[in-house]
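Chemist: Each protein sequence line maps, in turn, to chains A and B.
So the first sequence is numbered by numbering that gives the first Met the number 0: it starts at 0 and just counts up by one.
So the second sequence is numbered by numbering that gives the first Met the number 0: it starts at 0 and just counts up by one.
I should point out that these hints are in silico values taken from the structure, not numbers from a laboratory.
It is possible that part of the hints are untrue.
Unchecked claim - Derived SDA-like pairs (lysine to any residue); straight-line CA-CA distance at most 25 Å:
1) A:130 <-> B:114
2) A:78 <-> A:180
3) A:130 <-> B:40
4) A:130 <-> B:96
5) A:130 <-> B:77
6) A:130 <-> B:44
7) A:78 <-> B:96
8) A:159 <-> B:77
9) A:130 <-> B:38
10) A:130 <-> B:43
11) A:130 <-> B:45
12) A:130 <-> B:69
13) A:78 <-> A:63
14) A:130 <-> B:50
15) A:130 <-> B:46
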Amino acid sequence: MTVVALLSAMVTLAADRPTLKAGVFEPPRAAPELSLDSSGGGKLSLADYRGKVILMGFGFTSCPEVCPTTLATLAQARKRLGAQGEQVQVVYVTVDPERDTADRMRAYLGGFDSSFVGGTGAPAQLATVFKNYGVMAERKPIGNSYTVAHSSSVYLIDQKGLLRGMMPYGRLPDDYVHDVRALLSE
Amino acid sequence: MSRRRWLSILAIGFFGVVSWAALAPLPDRESREQPFVIPEGTWQRRMSGDLVDILPQQIRLTLGINDVLLLENQDTVPQTFGPALLMPGQSFRLPFELASEYQFACTAHSSGQMTIIVDPFPASPWGRLRWRALQLAGTFGNKSHEPNG
Chain A
0 MTVVALLSAM
10 VTLAADRPTL
20 KAGVFEPPRA
30 APELSLDSSG
40 GGKLSLADYR
50 GKVILMGFGF
60 TSCPEVCPTT
70 LATLAQARKR
80 LGAQGEQVQV
90 VYVTVDPERD
100 TADRMRAYLG
110 GFDSSFVGGT
120 GAPAQLATVF
130 KNYGVMAERK
140 PIGNSYTVAH
150 SSSVYLIDQK
160 GLLRGMMPYG
170 RLPDDYVHDV
180 RALLSE
Chain B
0 MSRRRWLSIL
10 AIGFFGVVSW
20 AALAPLPDRE
30 SREQPFVIPE
40 GTWQRRMSGD
50 LVDILPQQIR
60 LTLGINDVLL
70 LENQDTVPQT
80 FGPALLMPGQ
90 SFRLPFELAS
100 EYQFACTAHS
110 SGQMTIIVDP
120 FPASPWGRLR
130 WRALQLAGTF
140 GNKSHEPNG
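Please model the complete structure; the sequences and the hints are all you need to start from.
Modeler: This is the structure we're talking about:
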């Protein structure tokens, strides 16, 4: 009887959740915490942004195409949200700790939106984050330099810190606007 | 029966099938989800050396017919499934609204990539013919839209 009631409650909860444009995790789990250096100084912790919707991506400042596109999309979405944009926090975690210092990330992200926060750290710290989120990051040599092939989706974390969805690369700013509004309305 | 008559019957039959494939309405589906499931015991099978490949490297979806990718992990350990890391008992439901080719990083495949091709809704007779031909090819060919594990 208790199991039936529990299942019934889970189904009801799932039915009450808004429809998102992003891919949706069901049931949602707590977003794994970060322990990284923040581009804003100090430590970067998701818990600091509880009460906001967090849009979290993974990339690097030398990325030629995917990261600038994603960050420009997120900046545009935040702008279109108007006053609700204040309730959104974009977090961008580097996949290239060798080049992406906290200062470099602050300068780079600030070019898109001064509220964006970057996260960097030791390779082992970042490897844990990648594992927790299922992110792929693979260094590929190019001549004397290198690039990094990496996952390009953006994770949606709700105001309670639950990992609710994942938006694939290439979606429009209005898709983010839709989903952020849906999550803020809960 | 003469050979010419047989050929005539075959030609009429072929014309009838092609006409049906082009003009008949598409079948109603209860759901637009295209599910892929990691069954319980997959991890153990992999550990014992079985090559378990559940998610094909290329998935073909069609808007308005099966335009929602549904990944479910029924195993007892976390699994990276296409673009998503899924905990035991967790699912990932990804709707598509635009016809396009989508590339995802996927550690489950040796290439590190997974492709999802989303075709437009086959509204025209030619579109329905092509869609049915792809379905047929999928049934007898590489089954690119169905689980192969």
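Chemist: Does each hint fit the structure? Answer for all of them.
Modeler: Going down the list of hints, with the structure as the test:
Pair hint residue 130 of chain A plus residue 114 of chain B holds up; C-alpha atoms about 22 Å apart against a cutoff of 25 Å. At most 25 Å may separate the alpha-carbon atoms for a hinted pair to count; residue 78 of chain A and residue 180 of chain A meet this at roughly 13 Å. Between residue 130 of chain A and residue 40 of chain B the CA atoms are separated by roughly 22 Å; this keeps the pair inside 25 Å, and the hint holds. Proximity of residue 130 of chain A to residue 96 of chain B is assessed by CA-CA distance (about 30 Å); at most 25 Å being required, the pair is judged violated.
Between residue 130 of chain A and residue 77 of chain B, the direct Cα distance comes to roughly 11 Å. Compliance with the 25 Å bound is thereby established for this hinted pair. For the hint pairing residue 130 of chain A with residue 44 of chain B, the CA-to-CA distance comes to about 22 Å; that is within 25 Å, so the pair holds. A hinted pair counts as satisfied when its Cα atoms are at most 25 Å apart, and residue 78 of chain A with residue 96 of chain B qualifies at roughly 23 Å. About 23 Å separates the Cα atoms of residue 159 of chain A and residue 77 of chain B, which keeps this hinted pair within 25 Å; it holds.
At roughly 22 Å between alpha-carbon atoms, residue 130 of chain A and residue 38 of chain B fall within 25 Å of each other, so this suggested pair holds. The straight-line distance between the Cα atoms of residue 130 of chain A and residue 43 of chain B is roughly 20 Å, inside the 25 Å bound, and the hint therefore holds. A hinted pair counts as satisfied when its Cα atoms are at most 25 Å apart, and residue 130 of chain A with residue 45 of chain B qualifies at roughly 19 Å. Of the pairs offered as hints, the one joining residue 130 of chain A and residue 69 of chain B holds, with about 22 Å between alpha carbons and a cut-off of 25 Å not exceeded.
As the CA atoms of residue 78 of chain A and residue 63 of chain A are separated by approximately 23 Å, the hinted pair is consistent with the 25 Å bound. Between residue 130 of chain A and residue 50 of chain B, the direct Cα distance comes to roughly 22 Å. Compliance with the 25 Å bound is thereby established for this hinted pair. About 19 Å separates the Cα atoms of residue 130 of chain A and residue 46 of chain B, which keeps this hinted pair within 25 Å; it holds.
Violation of the numbered hints given earlier is confined to hint 4; every other hint is satisfied by the structure.
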